[in-house]
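The task is simple: from the sequences and hints, build the whole structure.
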Amino acid sequence: MKQMPEIGFGLWKVSSDAAADVVVEAVEAGYRHFDCAADYANEAEVGEGLNRAMAEGLVTRDELWITSKLWNTFHHPDHVQVACQKSLDDLGLDYLDLYLVHFPIALEYVPIETRYPPEWLFDPGTDNPQMKRAPVSLQDTWQAMEKLVDAGMVGKIGVCNYNSALIHDLMSYATVKPAVLQIEAHPYLTQEKLIRLAHQYDIPVTAFSPLAALSYVEIDMAGQADSVLTETVVQETAAAHGKTPAQVVLRWATQRGTSIVPKSSNPQRMRENLAINDFSLSEDQMHAISALNANRRFNDPGVFCEAAFGLFNPIYD
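Per my numbering, the sequence shown starts with residue 1, numbered consecutively.
Just so you know, the hints here were simulated from the structure itself, not pulled from any lab data.
Don't take every hint at face value.
[To be verified] Ranges between beta-carbon positions, derived for each pair:
1) A151 to D317: 45 to 55 Å
2) S265 to R115: 25 to 35 Å
3) D62 to K177: 18 to 28 Å
4) G57 to A18: 15 to 25 Å
5) Q235 to D150: 46 to 56 Å
6) D140 to R115: 15 to 25 Å
7) A151 to D284: 28 to 38 Å
8) S137 to P111: 36 to 46 Å
9) D284 to Y95: 36 to 46 Å
10) A134 to S280: 42 to 52 Å
11) G30 to N128: 45 to 55 Å
12) D78 to D123: 13 to 23 Å
13) A18 to D62: 25 to 35 Å
14) A291 to R61: 38 to 48 Å
[Claimed, not checked] As a list, the in silico DSS-like pairs of lysine-lysine whose alpha-carbon atoms are at most 30 Å apart:
15) K193 to K156
16) K132 to K86
17) K193 to K13
Quick caveat, the model's predicted, so the values are computed rather than measured.
Virtual Cβ for every residue (Gly too), placed ideally from N, Cα, C.
Shown next as structure tokens:
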């Protein structure tokens, strides 16, 4: 059975203009897992890159692992298959290897013909645009996700951004068990209890934003001073192994049992991010990096929804 690669390529914030070329470059660098989402607004261009890489003989579909995500406005069971089919059409694929619930947040439905991707606001063109919650249970959404597996549209399903309570709840009703829990995790947010719980339920964990603030500086959700790569323990560990600080942080992530989806449009850094399996961190080095934990979450709807969309909408306590 095909296994999800330990190191994937994240497509968040890859511009649509560059996405096709970036994907081909990433395939040439050795990436086989591509972490996509409807909300990234680049799936058509990602699909162009994937299909170009396959047409050029760089990779076969069987060698690829393609992940996409169900956006918040499509949580109602009537809309889950429609959303998945749109991602398949944009990516130019017959099936997804993995389809994830992007957030445990149900928002009012926005038809694809009205606006795509719908993003967070229900009515952005009005004088008083609003983010509107929808009365849809996560259980109803999950049961619709299970039907995608039955239909052969996706190989596996999973969730993103769930907390411990939601994982307990999901496991009480899931007929098709979640294949992946994707969460923000890095040395500033180690998420040890949540990862331990997921593993107790035999749910593999993928860490997004594994390099912490780097993904958020350009969108003003973090500052340059938030960089974990400048921490003394990271720099000293990198020097000791002859690796870059980024490689050390990514190795810390995989060595603690999580897969990762880093992103870089720089060909050299793409390859560096893959080259992390020829060294191991000592137990002391692992503990020292983990000790940087400050429960510092960069991707927090409890913060950005209110600031950007006028609705206080926390999902973490």
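Here is what the structure says about each hint:
Distance hint check: the CB atoms of A151 and D317 are about 36 Å apart, inconsistent with the given range 45 to 55 Å. About 27 Å separates the C-beta atoms of S265 and R115, a value consistent with the hinted range of 25 to 35 Å. The hint said 18 to 28 Å for the Cβ distance between D62 and K177, and at roughly 24 Å that hint holds. Here the CB-CB span from G57 to A18 is close to 23 Å, well matched to the stated 15 to 25 Å.
Taken as a hint, the range 46 to 56 Å holds for the pair Q235 and D150, whose Cβ atoms sit roughly 50 Å apart. Distance hint check: the CB atoms of D140 and R115 are about 23 Å apart, consistent with the given range 15 to 25 Å. The hinted window of 28 to 38 Å between A151 and D284 is violated, with their beta carbons roughly 50 Å apart. Take S137 and P111: their Cβ atoms lie about 22 Å apart, and the range 36 to 46 Å is violated.
For D284 and Y95, the Cβ-Cβ distance of about 44 Å falls inside the hinted range of 36 to 46 Å, so the restraint holds. The hinted range of 42 to 52 Å is satisfied by A134 and S280, whose Cβ atoms lie roughly 46 Å apart. The hinted window of 45 to 55 Å between G30 and N128 holds, with their beta carbons roughly 49 Å apart. Checking the proposed 13 to 23 Å range against D78 and D123 shows it holds: the Cβ atoms sit about 21 Å from each other.
As the Cβ distance of A18 to D62 is approximately 27 Å, the hint placing it in 25 to 35 Å holds. At about 43 Å, the beta-carbon gap between A291 and R61 stays in the expected band of 38 to 48 Å. Note on K193 and K156: the hinted pairing holds, with a Cα-Cα distance of about 24 Å set against a maximum of 30 Å. A distance of roughly 22 Å separates the Cα atoms of K132 and K86; the hinted pair therefore holds under the 30 Å criterion.
For the hint pairing K193 with K13, the CA-to-CA distance comes to about 29 Å; that is within 30 Å, so the pair holds.
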